[in-house]
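Visitor: Just so you know, the protein sequences line up as chains A and B, in that order. For the first sequence, our numbering begins at 39 and goes up steadily by one. For the second sequence, our numbering begins at 236 and goes up steadily by one.
If you are wondering where the hints come from, they were derived from the structure by calculation, not from laboratory data. Where a beta carbon is used, it is the ideal one built from N, C-alpha and C, also for glycine. Don't take every hint at face value.
Under 8 Å between C-beta atoms, here's a sample of chain A residues computed to sit facing chain B [stated by the list, open to error]:
1. Gly49
2. Phe51
3. Thr107
4. Ala108
5. Leu114
6. Gly115
7. Leu121
8. Glu123
9. Glu137
10. Asn138
11. Asn140
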Amino acid sequence: MKIQYLNADAGEFEAPLAETQARRPAKRLDVEREEVDKGLAQLVLTLLELIRQLMERQALRRVERGVLTAEQEEQLGLTLMRLDEKMDELREIFELEKENINLDLGPLGNLL
Amino acid sequence: MEQFRRFLICLMRSAEPLSMNDTDLDAQSFADVTAITSLTACLAAQPDIKRVLLYGKLVDRLYQQFGSVLPVRYGTVVRDQNEIGQLLERNYDRIVSQFARTEGKAEIGVRIMIRSTPGTVPSVSRTETPDDHAESGTGRRFLRDRLRITAGTMDRVRIAGDVVRELEEVLKPRFAERQVKLDQVSGLMVNAAYLVPTALVGEFILTVRSHAKKRPGIAYMISGPWPPYSFVSLVLE
Chain A
39 MKIQYLNADA GEFEAPLAET QARRPAKRLD VEREEVDKGL AQLVLTLLEL IRQLMERQAL
99 RRVERGVLTA EQEEQLGLTL MRLDEKMDEL REIFELEKEN INLDLGPLGN LL
Chain B
236 MEQFRRFLIC LMRSAEPLSM NDTDLDAQSF ADVTAITSLT ACLAAQPDIK RVLLYGKLVD
296 RLYQQFGSVL PVRYGTVVRD QNEIGQLLER NYDRIVSQFA RTEGKAEIGV RIMIRSTPGT
356 VPSVSRTETP DDHAESGTGR RFLRDRLRIT AGTMDRVRIA GDVVRELEEV LKPRFAERQV
416 KLDQVSGLMV NAAYLVPTAL VGEFILTVRS HAKKRPGIAY MISGPWPPYS FVSLVLE
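Sequences and hints are given; from them, build the entire structure.
Guide: Take a look at the structure:
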């Protein structure tokens, strides 16, 4: 036996496996001269995305606990939305896909 | 000019020195450990799917032929036979302890797909409140949407955790070690590797099959037996 599918066929795993493969982030920065800027931008954007996600999770926890007024929720939501849009813009500037914004931490899995 | 170097493929253990009939492969031993190398320059170049598959095929073939194999990280290159000898001697104790851990065992991969399509998995999503539908601005809508997405993901993570726990409860006596990772894809995929004693591989697979029958809404993919790729953490110094 090499591969067996249970409750599924090969086709069902094809797309997610390809997605996983494509999302696998680099373990090392590319230090080729023309790529070094992009590599650094990728690293900086990954750290920014980590901070953005932490802020968003904190905000969502507060919304769930119901400790914010409607006005505060609106303000917080708008801020996070703009931050999200800004991240998309930065990714476009550095020609990075969403999947590239991550770091492979080896046995610990991906950072994001 | 490109340097002509050797690509280190894997390590094997045998009381007798091993020799390779394959003209492309060379074997060099130190004590009871043998390094298998290739002079094929293309193997040592930048990895791509084709080259990694070729490397995988070679390791798999040696594993099928000789049984006990420690794959070396793809892209490990040595200058010459002399350097291989030194590497084996310097790292001998660590190599032997890795063999002790993996010898007589095979890696079996189990991928479990928690589908994202509604209805295929019992959902326990966050209960909507009347406030969710109350008139709200762009910011609030953004937050509510994010909450719904997060709740859906948390559901799948919880279900994946339950499925893995159930599966491992029945598999427990049949594997020595395991590595489990979650992959966020369209749905959620549990990517697990189990180190299974060779004699128990058949039983292990039958157990996964009978577990899958009890979880018809969840997709499983079993693969192997493979050399113990996920359980070898050997960096040769």
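Visitor: Hint by hint, note whether the structure agrees.
Guide: Hint-by-hint comparison with the structure:
This hint is violated: A/Gly49 has a C-beta 11 Å from the nearest C-beta of chain B, more than the 8 Å allowed. Annotation: interface hint on A/Phe51 holds; nearest CB of chain B at approximately 5 Å, less than 8 Å. Below 8 Å, beta-carbon pairs count as interface contacts, and A/Thr107 has none with chain B, the closest being about 11 Å; its hint is therefore violated. With its C-beta approaching chain B no nearer than about 7 Å, A/Ala108 sits inside the 8 Å limit, and its interface hint holds.
Because the closest C-beta pair between A/Leu114 and chain B is about 7 Å apart, less than 8 Å, the hint holds. Annotation: interface hint on A/Gly115 holds; nearest CB of chain B at approximately 3 Å, less than 8 Å. Look at A/Leu121: its Cβ only gets to about 11 Å from chain B, farther than 8 Å, so that hint breaks. With a least beta-carbon distance of about 10 Å to chain B, the hint placing A/Glu123 at the interface is violated under the 8 Å criterion.
Evaluation of the A/Glu137 hint against chain B yields a violated restraint, the C-beta minimum of about 11 Å exceeding 8 Å. Because the beta carbon of A/Asn138 sits about 15 Å from the nearest beta carbon in chain B, more than 8 Å, this interface hint is broken. Restraint check, A/Asn140 versus chain B: the minimum CB separation of about 10 Å is more than 8 Å; hint violated.
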